[in-house]
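With these hints in hand, go ahead and build the complete structure from the sequences.
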Amino acid sequence: MPINDYIFLSLALFCVGVTGVLIRRNAIIIFMSVELMLNAVNLMLVAFSKFHQDPSAQVFVFFVMVVAAAEVSVGLAIIVMMYRHTHSVDVSNMNRLKH
Amino acid sequence: MTMQETIFWILSFIVLFCAVGVITSRKPVNSVLFLIMTFFGIAGHYLLLNAQFLAIVHIIVYAGAIMVLFLFVIMLMNLNEDAEVPKSQLVKFAGVISGGILLLVVLAALKKADIALISPGSTDIGLIGNLGRTLFHQFIVPFEVSSVLFLSAMVGAVVIGKKN
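Protein sequence lines, in the order shown, are assigned to chains A and B.
Each step along the first sequence adds one to the number in the working numbering, with nothing skipped, and position 18 is 18.
To get the working numbering, take the position in the second sequence, counting from 1, and add 99.
Hints were generated in silico from the structure; no laboratory data involved.
All values derive from a computational prediction rather than experimental measurement.
The reader is advised that the hints may include incorrect statements.
Going by beta-carbon spacing under 10 Å, a handful of chain A positions derived as facing chain B [to be verified]: (1) 11; (2) 17; (3) 18; (4) 21; (5) 39; (6) 40; (7) 61; (8) 69; (9) 74; (10) 94.
With beta-carbon atoms standing in for the labels, derived distance ranges [said to hold, decoys possible]: (11) 54/A - 155/B: 13 to 23 Å; (12) 81/A - 209/B: 34 to 44 Å; (13) 94/A - 189/B: 39 to 49 Å; (14) 251/B - 94/A: 40 to 50 Å; (15) 93/A - 215/B: 43 to 53 Å; (16) 237/B - 41/A: 17 to 27 Å; (17) 177/B - 54/A: 21 to 31 Å.
We put the CB at the ideal spot given by N, CA and C, even for glycine.
This is the structure:
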């Protein structure tokens with residue numbers, strides 16, 4: 001199994017996540033696209049861990065999961081607060097810091 | 100085509116199809132369900148790469164905890180109706196083109212890389228004993244720092260989400 005296939009797969013997954021962030025306005029779906037990108041990186045780390053026979057990369061995946069969990073809990077709290085104030089989760093309503 | 104390659108291509112198709120489903124479906128609940136399917140496909144890839152413990156943790160943490168959090172937020176705030184004002188066709192087109200160009204540039208950069216095969220090697224690097232030894236010998240400081248990160252995230256979520 002060539003490592004290049006795994007690199008191409010995780011690259012495609014990452015680009016799907018980037019496209020999702022660019023084309024959607026719903027804050028929850030933007031968050032899910034960020035999760036997709038994090039998972040693309042995790043997949044690449046695990047593939048290289050197998051390639052080099054080194055468990056350090058898999059430990060790194062655990063740290064990425066920790067950061068993702070922390071990010072999601074704080075981010076969803078922010079989305080809930082934003083919904084209470086504006087009654088929508090549209091990120092284009094969130095440009096008030098400019099004014 | 101060997102058995103392993105067949106499984107790889109099937110799982111890759113599932114992962115990419117469901118990832119596209121996440122960003123294109125109109126209702127947020129459908130996106131969450133597609134994302135859970137994507138995570139199961141990625142867990143299958145982990146199993147294929149001999150990362151058994153990681154595959155289980157991935158399912159428990161992502162499909163079991165994070166996605167349930169998403170579902171709770173969507174259902175408690177009743178966000179499933181399709182209230183999103185779509186971006187203009189031009190912006191969507193530009194977004195898809197930018198994502199595609201990013202893919203194309205990195206693919207072109209990697210095109211001339213040597214094709215290196217993953218050797219089967221030892222199959223026990225993904226077992227919990229090995230991972231725990233690595234975690235508590237080489238990565239003990241990041242481990243402690245991540246506990247502080249978790250604590251602050253917990254406090255932050257409560258403080259931000261509190262009704263005042």
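Results for each hint:
With 10 Å as the threshold, the beta carbon of residue 11/A comes within range of chain B, its nearest partner Cβ sitting at about 6 Å, so the hint holds. For residue 17/A, the suggested interface contact is upheld, since its CB lies about 7 Å from the closest CB of chain B, less than 10 Å. Given hint, residue 18/A at the interface with chain B, holds; its Cβ is 5 Å from that chain's nearest Cβ, closer than 10 Å. A distance limit of 10 Å between C-beta atoms decides the matter here; for residue 21/A the minimum to chain B is near 8 Å, and the interface restraint holds.
Interface hint at residue 39/A: satisfied, since its Cβ lies 6 Å from the closest Cβ of chain B, which is below the 10 Å cut-off. The restraint placing residue 40/A at the interface with chain B holds, with a minimum CB-CB distance near 9 Å, inside the 10 Å limit. Taking 10 Å as the C-beta cut-off, the interface hint given for residue 61/A holds, the closest approach to chain B being about 6 Å. A least Cβ separation of about 6 Å between residue 69/A and chain B falls short of the 10 Å threshold, and the interface hint therefore holds.
Among the interface hints, the one on residue 74/A holds; its C-beta lies about 5 Å from the nearest C-beta in chain B, closer than the 10 Å criterion. Interface hint at residue 94/A: violated, since its Cβ lies 14 Å from the closest Cβ of chain B, which is beyond the 10 Å cut-off. For the hinted restraint 13 to 23 Å between residue 54/A and residue 155/B, the CB-CB distance of approximately 20 Å keeps it satisfied. Checked against the hint of 34 to 44 Å, the C-beta distance between residue 81/A and residue 209/B comes to roughly 42 Å, which is consistent with it.
The hinted range of 39 to 49 Å is not satisfied by residue 94/A and residue 189/B, whose Cβ atoms lie roughly 21 Å apart. For residue 251/B and residue 94/A, the hinted distance range of 40 to 50 Å is not satisfied, since their beta carbons lie about 23 Å from each other. Remark: the range hint 43 to 53 Å for residue 93/A to residue 215/B is upheld by a beta-carbon distance near 48 Å. Under the hint 17 to 27 Å, the C-beta atoms of residue 237/B and residue 41/A, about 20 Å apart, fit the expected range.
At about 47 Å, the CB distance of residue 177/B to residue 54/A disagrees with the hint of 21 to 31 Å.
The structure fails to meet hints 10, 13, 14, 17 from the earlier list, while all remaining hints are met.
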